[in-house]
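Novice: This is what each chain is made of:
Number of protein chains: 2
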Amino acid sequence: MLIVQKYGGSSLQDSGRIRQVADRILQAHRSGHEVAVVCSAMGDTSDDLIDLAEEVSAELPPREMDMLLTSGERISNALMAMAIRELGGAALSLSGEQAGIFTDASHGRARIVKVTPSRVRQVLDQGMIAVVAGFQGISEETGDTTTLGRGGSDVTAVALAAALKADVCEIYTDVDGVFSADPRIVERARLLESVSYAEMLEMSAAGAKVLMSRCVEYARRHGVDVRVRSSFSDHQGTLVSDSAKDAAVEGTSVTGVAGTRSVAKITVESIPDDPSFLVDIFDMLAHSGTAIDMLQNIGSPARPEFTFTVAEEDGRRTLELLEENRTRIGYGAVQCDGGVGQVSLVGAGIRSEPGVVATLCRTLDGIGIGVQLISVSEIRVSALCRADQLDAAVLALHRIFGLDSAAAAVVYAGTGR
Amino acid sequence: MLIVQKYGGSSLQDSGRIRQVADRILQAHRSGHEVAVVCSAMGDTSDDLIDLAEEVSAELPPREMDMLLTSGERISNALMAMAIRELGGAALSLSGEQAGIFTDASHGRARIVKVTPSRVRQVLDQGMIAVVAGFQGISEETGDTTTLGRGGSDVTAVALAAALKADVCEIYTDVDGVFSADPRIVERARLLESVSYAEMLEMSAAGAKVLMSRCVEYARRHGVDVRVRSSFSDHQGTLVSDSAKDAAVEGTSVTGVAGTRSVAKITVESIPDDPSFLVDIFDMLAHSGTAIDMLQNIGSPARPEFTFTVAEEDGRRTLELLEENRTRIGYGAVQCDGGVGQVSLVGAGIRSEPGVVATLCRTLDGIGIGVQLISVSEIRVSALCRADQLDAAVLALHRIFGLDSAAAAVVYAGTGR
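Residue numbers (the numbering used here), protein chains in the order written: chain P, 1170 to 1586; chain L, 1170 to 1586.
Read the hints as simulated data drawn from the structure, not as lab findings.
All C-beta atoms, glycine included, are put in the ideal place defined by N, C-alpha and C.
Treat the hints loosely; a few may be bogus.
Claimed, not checked - For the chain P half of the interface with chain L, some residues (derived, Cβ under 10 Å), not all of them:
hint, residue
1, Leu1221
2, Glu1224
3, Pro1230
4, Thr1239
5, Met1251
6, Arg1254
7, Val1282
8, Val1284
9, Thr1285
10, Arg1288
11, Glu1309
12, Glu1310
13, Gly1318
14, Gly1518
15, Gly1524
16, Val1526
Please work from the sequences and hints to get the whole structure.
Specialist: And the structure:
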């Protein structure tokens, strides 16, 4: 088997953890597998470097920030290669450029445009472990070092796995895998053995932080099997793949419950009585690169209003846009409410079970949680509530849909870091 | 004018110093000069990285150490470019590779084989300041990142200045320039306005730490004018160039006094009465890459022995070599004395002044210092004494040859770091 393993910063907190991870990598290699490893920067390195940058400059020019931050992965990578050698293995560290990760020139949030891992292949062919710097690439156009933005090392790992035609891409983190809910909120959250790309995408979009949507999307497009697992235990973790679709059919249709407070609710009052109004609003938002999540016309004819949600970080800009375009498009007051939470049920074919939405509403109503907005997609049902009621909503829904496990989940995040 | 400026780690100790240096760089740029800057890693970065490496591995594989250590210059460089921008200037950081510093593949002590600074030239042509990572290059053969070894950033600066045909290469350090003696020993050491390449080479070889021989040699071969000056003051510093030759003619023939304890004295006893003996010894040492500095046959016919000095770090290996080859070449006991000091007078045409050696011997004898070995070259006279008498020797010779200045030298090293 050819395995790509990715280790995040929390798995590489200090030299002791690096040695432990090196040992794990070597075990896989000694079991007869070819192993390519992708490392993030150690623990707090990136934060420390950002602090330094802020000390010398009010602005943080993206190209220089990329030159600065990518040193973090060069450090962790070189140390990992040394630690593997120290344990008797053979390893070689490669920068993003040396690993053939080519990107566009968007510093700080570059997209991968091409992966040519000939040097990685060569290292593997020599029986060695290739240790590749995550998060970074090189711009084909300018020859400058770029970074892939948040969750970039996961993307590096999946892209490398795709280009190498690896059998699996293992994403090591500080939890045992993907849970049916955040184990810090739901003590009896269930570790999922497998989820489909689509479910994982919805869970990531709905607030599950273990994998970012972008990484899952890349894996889906290239058919890369991703295994999310912990670097602190030997659990098999969760397999994210296409084959998981079938498995879900026999079980409950609800796979997991996700919650997020990173949502802003926007309400536009006194909207015109003209359907083209919505087109104008959507055009405006699309033009500014803002994605709408939930949306609903919940106004009465006497008090027509339009409500939708956007990611919290887009809230202020969306509000400004709406203020600027009030006269042109024609509507009344605009309100932005950041104090909301969004709870989501995710599961393949959830839409085809009409009882799900009813159960959701009845359950939340039963514990005094008012649903402000509700939306249904093929595999997700989301409801908007008050932020301070979110955890209670997640807990209740997790129980009512039969997701509670017999035993409490083990959470490493609090102790292992 | 095109100026290459190099700043060492002590000039880049923290973000405050980086901002000060950025201001100095901008002053040069705003005076109408083209400016390329070479930065070392900040203060203790390299030591911290080496500590980390030692925590994960007993061995420090040179290729991985190069990947690790070069991150230090990427950090300082990116920060410097940001600091310059913050002050309103335009700057771009370049890695050794991007600056076209090509080396051989000897990790940890690579030699520059080619400099193709087209990207640097391009940055300068756009009216920007090019900020180049010192100490690092890329192997033409393997495409791997390499480091140039001790004093590597100085070599980067001089090599870049040569390739760009710069008017001057300014080496910024924590002292005001090259002194007639180490100001920490000789309070009244004189700041030299100019020295020739040859004198600087001899002073470096004799223990002056401000510039390494390798850098001076590169400058001489390519005719680069080097100015050694302080980043803590506005002194003009010392010009190291060919033109300095003429200036020296009218003054005293002794330019400076240098002292070093990094010397090992080797004595070979009971040597054979056959001149081919020396050839055998020299061949053996040359083969192992050990340079002999001073040497003398000081044995009497009744007690024939041969004494020479090597760099302290070569002492042990030289001793081992001599032990191994005793039977083959044929000599008696071998002794290595590390407790010696070497004091040197350096100056153009020093050999042609026979009084210099006599004055040296008389002066040292006058203060009770026994000279163990003496050697004379075209521009240097060196004497070996006891290590604990070295500072007294330097002080006495500095005074007797009229080098004491009217005022005490300002030393920044103690306060500025």
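Novice: Against the structure, test the hints numbered earlier, and report the numbers of the ones violated in rising order.
Specialist: 7, 8, 9, 11, 12, 13, 14, 15, 16
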